[in-house]
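Could you build the full structure based on these sequences and the hints that come with them?
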Amino acid sequence: MSQNLNYEFSEDDFKLAHDSNDKLMDKNFVATSYAKDVWTNFKKNKGALIAAVIIVLITIMAIIGPGLNEHTFKSIITEHANLVPRIPGLEKLGIFDGMRNGENQYVAKGFQDVYYWFGTDALGRDLFTRVWSGTRISLMIALVAVLIDVCIGMIYGLISGFFGGAVDMIMQRIAEILNGIPTLVIVVLFGLVLKPGVTSIIFALMITGWIGMERITRAQVLKVKEQEYVLAAKTLGAKDFYIIFKEILPNIFGQIIIESMFSIPNAIFTEAYLSFVGVGVPEPTASLGSLISSGYNSMITYPHMLMIPVVVLALLMLSFNLLADGLRDAFDPKMQNK
Amino acid sequence: MKKLLVSAVALAMLAGCSSGGAASTANTSGGTAGKSVTIATDTDILSMNSSTSTDGTSFIALTMCEAGLTQLDEKNVPVSDLAESWDVSSDGLEYTFHIRKDAKWSDGTALTANDFVYAWNRLIDPETASDYAFLIDKNAESNTTNIKDWTAEDDQTFKVTLSKPCDFFLSLCAFPSLFPLNEKFVEEQGDQYALTTDNMLYCGPYTLTEWTPSTSWKFVKNDQYWDAASYAENVDEANWILVQGQSAILDYQAGNIDYVKLTSEVIDDYAGKEDVVTSLTGYSWYLSLNFHNEALANNNIRKAIAYAINTDELCTSVLKDGSTPLEGIVTKSTTANADGKDFRSISGTVVPGYDEAKAKEAFEAGCKELGVDSVTLEVLYEDADVSKNCAAYVMNALEKAGFTTEAKCEPKKSRLQDMQNDNYDVALHRWGPDYADPQTYMDLFVTGASNNYGHYESEKYDSLIEKALTTDATDSTKRWEDFAEAEKVLVNEDTAIIPLYQAGNTALQNTKLTGIQYHGAGVDSYRHMKLAA
Amino acid sequence: MKKYIGKRLLISLATLLVILLVLFVMMDLMPGSPFNDEKLTEAQKALLYAKYGLDQPFLTRFITYLKNMLTGDFGVSYAINKDFSVSSMISSRLWISVKLGFMAMIIGTILGLILGILAALNHNTWIDTLCSTISVVGVSVPSYVFALLLCYFIAYKLGLFPILYNAAQQGKSLVLPAIALSFSPTANIARFTRSEMLDVLNSDYILLVKSKGLKDYKVILKHAMRNSLIPIVTIMGPILVGLLTGSSVVEKVFGIPGLGTLLITAIQSNDYNVTIACAFVYSLMYIVAIFVVDVLYGVIDPRIRVAKEGGK
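Chains as they are written, first to last, in this note's numbering: chain E, 1 to 338; chain L, 1001 to 1533; chain H, 2001 to 2312.
Misleading hints may appear alongside valid ones.
Listed below are the simulated PhoX-like cross-link pairs for lysine-lysine, each with C-alpha atoms no more than 25 Å apart in a straight line [unchecked claim]:
#1 Lys2045(H) with Lys1412(L)
#2 Lys2051(H) with Lys1184(L)
#3 Lys2045(H) with Lys1164(L)
#4 Lys2039(H) with Lys1332(L)
#5 Lys1164(L) with Lys1512(L)
#6 Lys1412(L) with Lys2039(H)
#7 Lys2051(H) with Lys1512(L)
Part of the chain E face toward chain H, derived, beta carbon under 10 Å [to be verified]:
#8 Met171
#9 Ile174
#10 Ser293
#11 Tyr296
If you are wondering where the hints come from, they were derived from the structure by calculation, not from laboratory data. C-beta atoms are modelled at their ideal positions from N, C-alpha and C, and glycine is treated no differently.
Structure, rendered in structure tokens:
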């Protein structure tokens, strides 16, 4: 009834909004993988890069170092006891020249042609060989312990965080109980039940070491599990374990790697502490910890016995920490533009 | 000479401005007048209860503030203490001690023969479960001193009867386990006895006035002691502090400590200094071999071990603390017979001795007999620094002779447990003498003895010991000859154990401090300490 | 809130009980005995076992122990200071250890915060690297090495502090040990502060405040600090407990009669009662720390409280 009905559209009633020939073009980036992203970011961090190089170098030395001279880690030459470091070539520069209190120890004892690069210990064992074989043991303990940590801690954290509720509550209490018992008690007990030594240290580190990893994983899971893609997977009927390992795990893997980087130095350090307390590796095996704790006994008289393993330990710790920091920054896209 | 100078320079550098010796010691005494010394020790007092204490530090503390029938003088000879004098019957079976009339407890009550009766009864009471009950346990099948009974004839007369003579009985009377106890006081205190300074009575030259367990303890003079007058010149106050290691040595150099042990790691820099004192303890360190191990049951294999270890080098280059190689299982300057002769001078050197070629030879011969190519031994040692170095040295020596070694390091109690459980091959073990007679060592290896961890069984050895304790018991000379013969069987013929070294003790001691007496078998005595002005 | 605390408290108590049980089982598994002295006969050992009730079945012992514990009686020491009451042994040492721990914690927190904030503000510059390096060196070198260095240079050479622990000058003689101990918390707190600060500084609300034109330092102080401090509070409890357990080596160097040394001696001498009591005290501290942190967290950050109360 309205007269509007009679309205007729004319040609020019509609016009294109953008009548120009402008085209919206997507900018094209070269597709980069997540790993490559991380690597690019990581490369920017000089400190972390140097740290990685140092770790590689120390690892190489730990592998080949003990074989670089004629001594073994357990061969005792008592006449050569307590010698300070002497390195051919460098001795001309006035460092590592075998001098102690203004006197060349080697010459005084009649060993003109003897060179101990890192000196010797109280029994006359070559410290160069012992330091590197000690590094080997310490790294091995750390790696094995951390590997197991990651496995146990990660899975524990994933399950606890994902299922929540009563499962989470019970699992967290168990973790709390394990963490609540002093590590020393656990290690000593392991040392007494098993044979004291590398195995019992690794076991003891395993029992308590994974809790840090478990915490981080759980916190990450809690953060991630409410995300849309998890919800989507759930809605599509994915099974719990599929979600945990295929949806959640890849998204928190960065954090897990970082945490494992931090737990390596922790493991090395715990081993050193246990050696000092007297439940470390047995003689004549050397670890960084046992070298430090026996070097400590002559710290004031022969500081080299302590300083060299301490420097190696400090370098390792420093490098792993810087590497972990660098990795964290590289994994976290938020950090990039800062 | 040059070396001495070098170490002097080293020390001077180390010590900075300090003159190397200890300066005045007044700063630890907190301003009290009189002479005071401070001694650093690395072990705690386990118990001040003389019936149950077992360790060296407790014994030293007990000899400071308590006293026995006798005390040992500088030459290990028992002299009068609470007993003014004693009569011994001609057959050596009856001892009558005359207790001093002026012997008093620190609360002023008289000390009588009854206090000894009570203390000795208490020591052997099964309820007390004392480690040293075996010394005088008259109710047991046998006891070390062959004691039969003891009674108080009257307040001043304490009578002891033995079933067989005992050469070392008078020395043993200076041993803290046999110190008197005041019955009334001890019963009053009940299980609180000797837990604090107020919960005990003193009858020695000093009283314990302050005691913080695991930290420090302090003695001051006891004016109730019968011989207080002759102690006038001695230090008025003696402090013990529980510290160890390099920080304690630094504190010595700063002049706050008068006596501190040197560890073998730092000894080099102090060699030749005038304030370094060295003494020998009675501790015998040896390798206990487990005969239940198939390889160790073979005498050639055991011989190989004995030949492989250079105990001279072990003492001079590894231990460095004044330890000396053992010539047999019995330590030297520990035992003395009636003529004052040392057992070692009678028995001589019986250890097979170091010989690398013989070691290899014996090893190969042993392997052939066993029909094996290699022998792997596990060396068990405790987690003390000295043991660590010694174990490393021993293992290296064994490997040189052809053995393969593994190490097992444990706290001492666990090591003992493993040995008791027959769960070891070779163990680095020690024995401290309980009294000044070879018997304290020889008893260990008799078939079936509880401390015969290695299950050594030898009829010859057993019969020699049996002979010494029965037929030759009354003849000191013959008795010792039997022991010497037995030692030879044990250490040389059968190589049942490998004696290593007699532990030494090297310490820094304030040059003004004198009067510390070392008694190989008895308890080191600190009660005569004097401090020059 | 009350309900939340109450529930949390109950859980903590239950956890403690289980820890005690686990400790008990562990001691039971421990080979060796406090009485395996060479000179004791089997009969004497049996008597000692009977005297201290160690011959009873496991459950009986556990229940008796629990009952006694509620009255503050932790039994007596078997092998360290024979027949001394364990509670008196522990209480005197606990205070020294706690004092030392708190001193180290305070030093560590202050230094750690400074290093962490400096590093975060100068992210990826040399200052950042320097701060990280300083803090990492702190954890890389064992504390007993620092302890002996301090002992040698500051106490011995300069004579500023006593070399060994001295009960008469307790405060003064705890300074050096506290410094030696503080290196590790410094590093932990610095690292944590750095990463938390970075997180907050990159968050939207800080960007918003920044874009509104506030001057930088105000932004940092008022907003970033407050928000990054919350998580730091949460790690302080565990760090403090770590300090208390880790102090044994430093105690050894300075001759301090603390709890750490006692635990080690106790373990080595198979002194069950002392070991259990020491370990239990540590566990107690740990559980209390966690409890306090949880509750504090709820107080500081309402979101968590609501989430937790609503959640279950």
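Now the hints, each set against the structure:
no.: 1; hint: Lys2045(H) with Lys1412(L); verdict: 18 Å, holds
no.: 2; hint: Lys2051(H) with Lys1184(L); verdict: 23 Å, holds
no.: 3; hint: Lys2045(H) with Lys1164(L); verdict: 29 Å, violated
no.: 4; hint: Lys2039(H) with Lys1332(L); verdict: 22 Å, holds
no.: 5; hint: Lys1164(L) with Lys1512(L); verdict: 46 Å, violated
no.: 6; hint: Lys1412(L) with Lys2039(H); verdict: 15 Å, holds
no.: 7; hint: Lys2051(H) with Lys1512(L); verdict: 48 Å, violated
no.: 8; hint: Met171; verdict: 13 Å, violated
no.: 9; hint: Ile174; verdict: 9 Å, holds
no.: 10; hint: Ser293; verdict: 8 Å, holds
no.: 11; hint: Tyr296; verdict: 6 Å, holds
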